[in-house]
Structure formats: structure tokens, C-alpha cells
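Using the sequences and the hints, build the whole thing.
Sequence lines, in order, name chains A and B. So for the first sequence, our numbering puts the first residue at 122; every next one is plus one. So for the second sequence, our numbering puts the first residue at 5; every next one is plus one.
Read the hints as simulated data drawn from the structure, not as lab findings. One should not assume that every hint holds.
To be verified - No more than 35 angstroms apart at the CA atoms, straight line, and that leaves these computed lysine-lysine pairs for DSBU-like: (1) A/Lys463 / A/Lys532; (2) A/Lys421 / A/Lys528; (3) A/Lys372 / A/Lys400; (4) A/Lys421 / A/Lys372; (5) A/Lys513 / A/Lys400; (6) A/Lys463 / B/Lys82; (7) A/Lys372 / A/Lys184; (8) A/Lys155 / A/Lys528; (9) A/Lys421 / B/Lys14; (10) B/Lys14 / A/Lys532; (11) A/Lys406 / A/Lys513; (12) B/Lys14 / A/Lys463.
Said to hold, decoys possible - Per the computed footprint, the stretches of chain A lying under chain B, defined by three or more beta-carbons under 8 angstroms from a beta-carbon of chain B, are: (13) 301 to 314; (14) 359 to 370; (15) 427 to 436; (16) 456 to 466.
Predicted model, so just to flag it, every value in this text is computed and none were measured. Every residue gets a Cβ at the ideal spot worked out from N, C-alpha and C, and that includes glycine.
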Amino acid sequence: MSTTQSVLDLQNRIARGDTTARGAVQTALDAAEKLNNTLNAFLEIDREGALLRADSIDIEPDKSSMPMAGIPIAIKDNICVRGMQTSCGSRILGRYHPPYNATVIDRLLHAGAVVVGKTNCDEFAMGSSNENSAFGPVKNPWDTSRVPGGSSGGSAAAVAAGIIPVALGSDTGGSVRQPAALCGVIGLKPTYGRISRYGLVAFGSSLDQVGVFARQAADAAVVLQTIAGRDPHDATTADVPVMNYIGETAKTLDGVRLGVARSLMGEGLDDEVRDAIEKAIDAYKGLGAEIVEVDLPHAKYAIAVYYIIATAEASSNLARYDGVRYGFRAEDAPGLRDMYRKTRDEGFGPEVKRRIMLGTYVLSAGYYDAYYLKAQKVRTLLRQDFMKAFEKCDAILTPTTPTPAFKFGEKVDDPLAMYLNDIYTVTANLAGVPGISVPCGLSSERLPIGMQLLGPFWGEGTLLRLAHQYQSAQPFSELPAVHA
Amino acid sequence: MPITEADIEKIAQLAHLDITADERRMFAPQISEIVTYVEQLDAVDTSTVEPALGGLTPEGERTESSRPDELQPSLGQKLALDQAPDPAAGHFRVPRVLA
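The structure is reproduced here in C-alpha cells:
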């Protein structure tokens, strides 16, 4: 049995008795263990727990209310799973074991999914290359000398390599969509408030969303449908009905208006990426979509706005790591204040410190209005740009990243160059709108290229439909160099 | 605005970070460059614009998120202390606070 099957195939095979939950989970565990020396995608693989859980699903007489019965899934190591570690890729949490499940995990387990492991990520989800993990970077399965993207690089690589059909990540400025593009898989960031963040370790609270990786858009629809919806444990989840996302994917694109913002496709965009996007636009025309020009005049300020707001929120959220209640505590500190400072110095890596300091600076007395408040106002203008654009179209197509995967070490000493890699993705988090990255070709160096579709609030159904119809017409069947 | 090593030291103090001289030398030009980059926002006229604090959608704003003020099950003392670096007698023990 190949692990590169979709969730829907696996469901059918389990239902028909061609395989069992144990068989499916064992295959995933074998692949995860075999490839981890090469990819470093997993920080923890729970063979024993996953097989026990698979067995309990196999003896379940009625699986009709379990839409993910026996489906193996991997979870980014900043989402709490009881019985497993949550390190956030950081020394300061290390082998912290949360005493509760995130709401998304409870919902997945209720649907019959089996968590096989926790995936590597940039420390506290801060990074675009995975080079900020305290436990070594994840390698890109297409070329192990290149980054998988970040911060959810482990989840992206594990899905791309065919270890598991689906995985969860988190997306604060592109941390699901960017690695999805660089690894050649689907990456969905839903509307702000669509999925509960209870049990997701906080980074930028007005930006964070849990996101889904899959090879097939229909599989992403299955997972979204399982985990979406209001949660009393997260006050930011909205009381908006969860639609039949799987049903949406089957609809044709006749009459769908697809916006293209050519003003965003100028300087810094790789020629091969531009060509792939132009081809995708043509493919959508062929599928019956109407192409309309849109403009997002404030999008050029998005990186500046994002790195003020995200770092400000991070500096506040990460104040809780002080060595008192959980995680790492530095030794030999004579007083409480020394202990805080030493713990945080030894526990956090350079990028996390850089962002905490930048956030502290923009919030500090005398600078708050000039930086933080100003950024929140420009954010309003950016949101208005999107609202206006969505009067003319149902979704907007952009590249996901300016270039395909870059080499390790290429941008690590130049934080601003690294941040500019997020130019196409941060806008969705600032505006709160959903976005999906869909593989749309390979470069001449056989590196995946991703296109991004952005939708209006609660437009996940349209995005999944656009992604699924594109995948059906232009199947992306290439396999990475490293795969199960 | 240029950020000096002295500024970095002050920010690190505010953020409870005990950074080294090497880190100060690395962070000062990097944070300076980022701050200079974000200052391009000064060019945007925001005199009549409200800030987008919170990031909620209109539907999110309308969602009732309060609940009756009733006792609900919680972690309990044992679980809450389970991951503490230095638990003692049912408490989180920390180094001395006063010199």
C-alpha cells in the first residue's frame, strides 16, 4: 500500500476492508521513521500510541459518524496533543507535555483520525525557512539542500513526501501557505475565526489561524469540515455555520470571477513563477472562470505593517515563558529577575529574541503611536482594499512566494530579506481573509511553484472549489526526490 | 531611525532578555534596518482612518463570547504543577524576589 493515497481513497479502502486503520497508520509510521534521518520533519513519532488508537478504531462497530476513521495525520509541534510533546521548536519548552488537547485535536480524534507525530517548525512559528528550529531544520523533499519553507515546514515536508495524506500547521503570516508552495502541496489558511485556536500556542493573536496541508484539495476540505466552527474555549471563533466544503469542491467554475492583481506581480518576482501563474490564469479561463483585474493599492505596505503588528503581539504573548510554571528554567540565577532574564536568554533562539525586541520597541513609551497604531491604521486600509476587490471578484489569484525554495543559509543573516519572502502571504492574515496555496508547476530545477487564491471572509468553499477544479484539470502528479 | 547598541540593551531590559555583547552587535544594525523599512508607513495618510485592532471579522464581532459566570472543571493543582521546573508544597517555587 502506498502512503501517497488521498484521505478519500484511504477511507474507501478501510470501509471495504482492503486495509485497516492499523495498516494505514503502520504504513505512515514506517515512512515517518524511515525518512526522518533525511528530512527531520518529525520531532516526535508516537508509534505505540498511534497503533493503540488505530486498533481501537478497527474494533469500532459503527464508523458512520467518523469521517476520518483510521486516517493518519501529523500535527505541528505548536498544537497541544495530550500525551505528546509541544516544543514549538524551542528549547524554552523542550519536552513540555501539555495536559490537554487543542480543540482541533479533540475534533480530529472524534472523527477517527490518528495522530502519528508532532512536526518540526521554526521556533514559535517565527520563520520562513525552518532554519529557526532549535532542533535543526526540516529538509525540502524535492531537494534536501533547500529549505522547506516555514514555519510549518515539517508538516509540509511530511505531506509532500507522502508520509501522511494530511497535516495541521498554523499560519500567522504565511506559515502554512508558504511551505506548502515550496514543498508542492495544498496549504489552506482559513478566515480569522473559522477554526479554534484553543491549544494552539499563541504567536500573533490577531493573525494566527490553524491551517491544513493536503495533497488533494478534497482532503483539505475533509479536514476543514472536521475542525471548523465555533468553540466556547476560543472567543475569537465566529458563530458562522460550517458549510459542506466537500460538496463545494464538486461545483464547476462557470461564472466564477477570478481577480488578478498584476500590480503585485512586478519587482522581485521570479520569471518562472510569473510564467506558472500566467499559465494558471489561462487554465482558469479554460475552466470557465472570468478573469478580472483588481488592485490592492496598500498591499505594498503589508510587510511593514505585518512586522510591526506580529512582533508587538509576539512580545506580549511570549512574556509567559519565564521559567516559573513550565518548560526550561536556567540554573544558578540568584534572584527572580535574574532567573527570568537568564531563562529567556538561554531558552530563546536569535530570531525569537529579535522579534521580541522589535515588538517591545514598537510598543514602548513614545513609539506606540508612531509604529503600532500607525500599522493598525494601514491595516484598516488594506482590509478596505480587499473588501473593494471582492465586490468585483469571488477570489484573487497571486503567486504564493516570489521564488521557489531557496538554499539553506542563503538569507539567514539578512532578516529583512527573509521577511520579504512573505510578501504575498501576510496580506491575508492582516485582512483576516482565507487563502490557499495550490501547486501549479515545477521550475527548471524541479522545484515546486505555488499559486495563492485569496477569498472573502468565509470564502473557504470557493477557494477549495477553485483548487479542486484546477487540480482535476491540471493534475500535479510529480513526486519529490525523497518520498515514501 | 538608527538603533544603537545602547538602545538594544534598553529594549532587552524591558523584554527581560539577558543578551550578550555579541548579540547586541548583531541585533543593532538588523533591527535598525527593519525599523527603517517599516517607517515607509509614514508616507500613508491615515488621518481619517480607524485602527484595525483585534482583527475580527464583522461576524466575529457579532458573536456572543461571554458565558454565565459559573464554576467549571479546571486542571487542578496536581496537573497544573506537573510540568513546573521547581514545584514545592503545592506551589511554584521561584528564586528570592527581594535582595
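Outcome of the hint check:
{"no.": "1", "hint": "A/Lys463 / A/Lys532", "verdict": "holds, 28 angstroms"}
{"no.": "2", "hint": "A/Lys421 / A/Lys528", "verdict": "holds, 26 angstroms"}
{"no.": "3", "hint": "A/Lys372 / A/Lys400", "verdict": "holds, 22 angstroms"}
{"no.": "4", "hint": "A/Lys421 / A/Lys372", "verdict": "holds, 34 angstroms"}
{"no.": "5", "hint": "A/Lys513 / A/Lys400", "verdict": "holds, 22 angstroms"}
{"no.": "6", "hint": "A/Lys463 / B/Lys82", "verdict": "holds, 27 angstroms"}
{"no.": "7", "hint": "A/Lys372 / A/Lys184", "verdict": "holds, 27 angstroms"}
{"no.": "8", "hint": "A/Lys155 / A/Lys528", "verdict": "holds, 24 angstroms"}
{"no.": "9", "hint": "A/Lys421 / B/Lys14", "verdict": "holds, 31 angstroms"}
{"no.": "10", "hint": "B/Lys14 / A/Lys532", "verdict": "holds, 27 angstroms"}
{"no.": "11", "hint": "A/Lys406 / A/Lys513", "verdict": "holds, 16 angstroms"}
{"no.": "12", "hint": "B/Lys14 / A/Lys463", "verdict": "holds, 16 angstroms"}
{"no.": "13", "hint": "301 to 314", "verdict": "holds (count 3)"}
{"no.": "14", "hint": "359 to 370", "verdict": "holds (count 3)"}
{"no.": "15", "hint": "427 to 436", "verdict": "holds (count 3)"}
{"no.": "16", "hint": "456 to 466", "verdict": "holds (count 10)"}
This entry satisfies every hint, going by the numbered hints stated previously.
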